[in-house]
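Line by line, the protein sequences are chains P and L. Counting in this note's numbering, the first sequence tops out at residue 535, every number present. Counting in this note's numbering, the second sequence tops out at residue 535, every number present.
It is worth saying that the hints were derived from the structure and are not from the lab. Just to be clear, a hint being listed does not mean it is correct.
Identical copies go unnamed one by one, so any copy, or any two together, can satisfy a pair.
Said to hold, decoys possible - Restricting the straight-line Cα-Cα distance to at most 30 Å, the calculated cross-link-like pairs of lysine-lysine (DSS-like) are:
#	residue 1	residue 2
1	K120	K143
2	K95	K349
3	K129	K496
4	K488	K399
5	K129	K110
Protein chains: 2
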Amino acid sequence: MTKKDETAISPTRAQNYPEWYQQVIRASDMAEISPVRGCMVIKPWGYALWENLSRALDDMFKATGVKNAYFPLFIPIDFLEKEARHVEGFAKECAVVTHHKLEKDENGKLVPAGKLNEPLIVRPTSETIIGDAFARWIRSYRDLPVLINQWANVVRWEMRTRIFLRTSEFLWQEGHTVHATKQEAIDRTFMMLNVYKKMAEQYLAIPVITGEKTEAEKFPGAEITTCIEAMMQDRRALQAGTSHFLGQNFAKASDIRFQSAEETEQYGWTTSWGVSTRLIGGLIMTHSDDNGVVFPPRISPTHVVLLPIIKREDHRETVMKYSTDLAEKLRSQNYHGSAVRVEIDERNIGGARNWEWIKKGVPVRVEIGPKDIEKQAVYVSRRDRDRKDSVSMDRQEFADGICDLLDEIQNSLYEKALDYQNQHTRDIDDKDEFDAFFTPENKERPEIHGGFARSHWCGKTECELAIKERLNVTIRCIPFDREKQDGKCIECGAPAKSGRVIFAKAY
Amino acid sequence: MTKKDETAISPTRAQNYPEWYQQVIRASDMAEISPVRGCMVIKPWGYALWENLSRALDDMFKATGVKNAYFPLFIPIDFLEKEARHVEGFAKECAVVTHHKLEKDENGKLVPAGKLNEPLIVRPTSETIIGDAFARWIRSYRDLPVLINQWANVVRWEMRTRIFLRTSEFLWQEGHTVHATKQEAIDRTFMMLNVYKKMAEQYLAIPVITGEKTEAEKFPGAEITTCIEAMMQDRRALQAGTSHFLGQNFAKASDIRFQSAEETEQYGWTTSWGVSTRLIGGLIMTHSDDNGVVFPPRISPTHVVLLPIIKREDHRETVMKYSTDLAEKLRSQNYHGSAVRVEIDERNIGGARNWEWIKKGVPVRVEIGPKDIEKQAVYVSRRDRDRKDSVSMDRQEFADGICDLLDEIQNSLYEKALDYQNQHTRDIDDKDEFDAFFTPENKERPEIHGGFARSHWCGKTECELAIKERLNVTIRCIPFDREKQDGKCIECGAPAKSGRVIFAKAY
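Bound-form chain P, shown alone (with noise of 0.2 Å):
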């Protein structure tokens, strides 16, 4: 791990993308899996991620007027069952709830005991449950909007689990509106949706395709389905947070009815949105290498680490006051809103203190010897460059400089990934180069592929489910942004009028 030529993390993605992704997050330390079947552990360096990275949410959910609430973890049966496709879509993965206490059997075994007259599930989303609120709360139109986020966790069964990707339990927030008029409620579901492209572009450092997704891909009980969608470093498609449209069905569903200026009775308009942890998983995706994990400095726990080298005790004194002024020093600087964050980690375990930390994915880090110190200089390397680039600079131009320094690396990330997406983003036509672009060459590799395809589609979900079973490429969305040029279905040949959309392999 220590020459040159080798990287820290093995697999290598080159070698196997699925394995090399589970030995980067080891590697981190972020999380883990748990002894409880498709649940992680979320380790504090992991958390520390979520925790930036909802706090900046939930800024923006409260500057459009957002307020946070809390709603109960279990949903009776019959509230789920309100809304059928919304039934439908969650039946089929949901933990059950069916006794409420324990007790010894007849071998002395703990078994379930107390059994509930009505079965509960914990949530998988709460739409009825929250609905079921909101009928009570709105009476008139002088109540709308009701503008609610919910921060919690939620559990959908999935049988096929990869850490922070599709866990059985995830952490999330998921936001609620009611709104008197449709067009308000429309707004709402683009303006949220905007809100997460945000976060993904200027925290995260990923790009993303902002769009409507297809009748078959839509949420459960939604008239619209808007999401982001981003392309990982195996070329698949990460949808990366949704905002939906939900017109009048869960209120219909629940209820929600409201007496408008006009004094008629009247159903209201809704829309959920939600971003998880899973966004944590896009992120390693997107940015790390083979060397680790790489944080956008918007959202890492720590900026700096300061690492003193003390290869002599009576050296230890200059070289810790000399660190610990420089960690002073960057810390009184305020980098978009809060202090730079440093840590200083001065255990003497040799090379491997500098290869954690690069495991780590901290954006900067900052050797410190006698000999930086006789020249008042720092040895500087970014995260975002190899390790053959680190440069000895001023301490004082390296403090003054560190926020420019960071939003550098900030937009060298994203422009990287942007340059990666676009690279494997193909404009197709023709069917066979489309099969041959989704087909990988090697049978025992099946994520190499080409990536994202461009094409166009006659709008019927049979042409879409065919591609699917052939390939297991679907439509990630329509991209907003889309000419509206005509051109010929890429599966049934059809004419098709409405623009080039997006298909790819997805997580």
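Let chain P serve as the given structure and place chain L on it in line with the hints.
Chain L alone, transformed into the frame defined by chain P:
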């Protein structure tokens, strides 16, 4: 409700305390009972309080080196069984997940399907699932201490629920630490108890007694349970937070071992500590009056509400300009590290507007009408004072002094609560007096009784249980600051040497 001799809340505390409690919560719009048995909905006004409280606690935790993490919601039954007293304590009241999907039966009714091989319980607390992770994380003394906190929801299937105070699901934080030595773990137990004391007294303005629980009242599996106990306005005690020294019990149960510096294999010493949304119930019961809740400024979602009085449309612009200028002036002031929180309520709904903010407990209300503007004045009402004490003040003087005013309110709430506690705490050495102290004069008003009795106790569980049986009174704690005086057990008359303990009826 507008007549001066009437109160906003009916019944009053004196008329029916338990019902008054429900009504102040309803009137404040903080929370409501949900349709899910024993679960509550925390509405925005209540959740904002929880956000302020948890943000302040989180900062205090982090200042002691604690980091946040997240562990699974579900706990396998065999984990719970690892610590005998622990499973005993929680098996009677836990939600059990037995199935992972729903299917339609022959009548088209959705029923649980996909039976789990091993049922899971929804965490009532996380010692066992976190202990399992700690056993993996800890290898050597160099890994210690481990200082972890989790913000989470937990479920205890309570038979009798009361909003905030005792609900089947509640929000809390649970800290879990591992140490190399017994002394270090004990020190941490007390350190966190002191954080809770600081939260209660300095933020919530609730005076608390710190002490140790008796054997009968300890956390299941703990060696020492320390607690903060507060007196509510019905003179009952509320256990507002606990910090446990767990010895090596959970370390042995979860196999948390480490290699010591001397290269011997040892079990770790663990602690756990938690406070919950119950604190909000304690806050309400400590300060609220017959006009609604009263919030201490340090954690109030809003510090000052401005109420522009616009009787004629041609006054609107002037009054609003004056109000927004004032709001800006107030917000520019820093109250304990954050901007003063100001709301302007310009609804024209008459006296109901003022009453709404009284019922919501906002510390300072400011009315602004054309006559106030003429005098460059504001009309200021303090929530902790009678409405008759409202005063006209110079606008600039008010704005400049807002932080002092808020501190004054904060302190006066604390002093008032402390007076109440002192007034209803009595040293009792006579058994008849003791029984009379705890016996309600009116059987229909069982809540009205003496308060806290400081009496001697021989240390035997039998005596404690006999008192509980007879009077529903328990030892709330053996206070740390007690004098070590000799006395006779209030129950059996045997010599008692360790000083007076606190007896009370408890929530």
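Verification of the hints:
1. Proximity of K120 to K143 under the C-alpha cut-off of 30 Å is found in both arrangements, the shortest distances being 22 Å within a copy and 13 Å between copies.
2. For the homomeric pair K95 and K349, the shortest alpha-carbon distance between copies (26 Å) is at most 30 Å, but the shortest distance inside one copy (46 Å) is not.
3. Within a single copy, K129 and K496 get their C-alpha atoms only as close as 45 Å, which misses the 30 Å cut-off; across copies the closest is 25 Å, which meets it.
4. Proximity of K488 to K399 under the C-alpha cut-off of 30 Å is found in neither arrangement, the shortest distances being 69 Å within a copy and 69 Å between copies.
5. For the homomeric pair K129 and K110, the shortest alpha-carbon distances inside one copy (29 Å) and between copies (17 Å) are both at most 30 Å.
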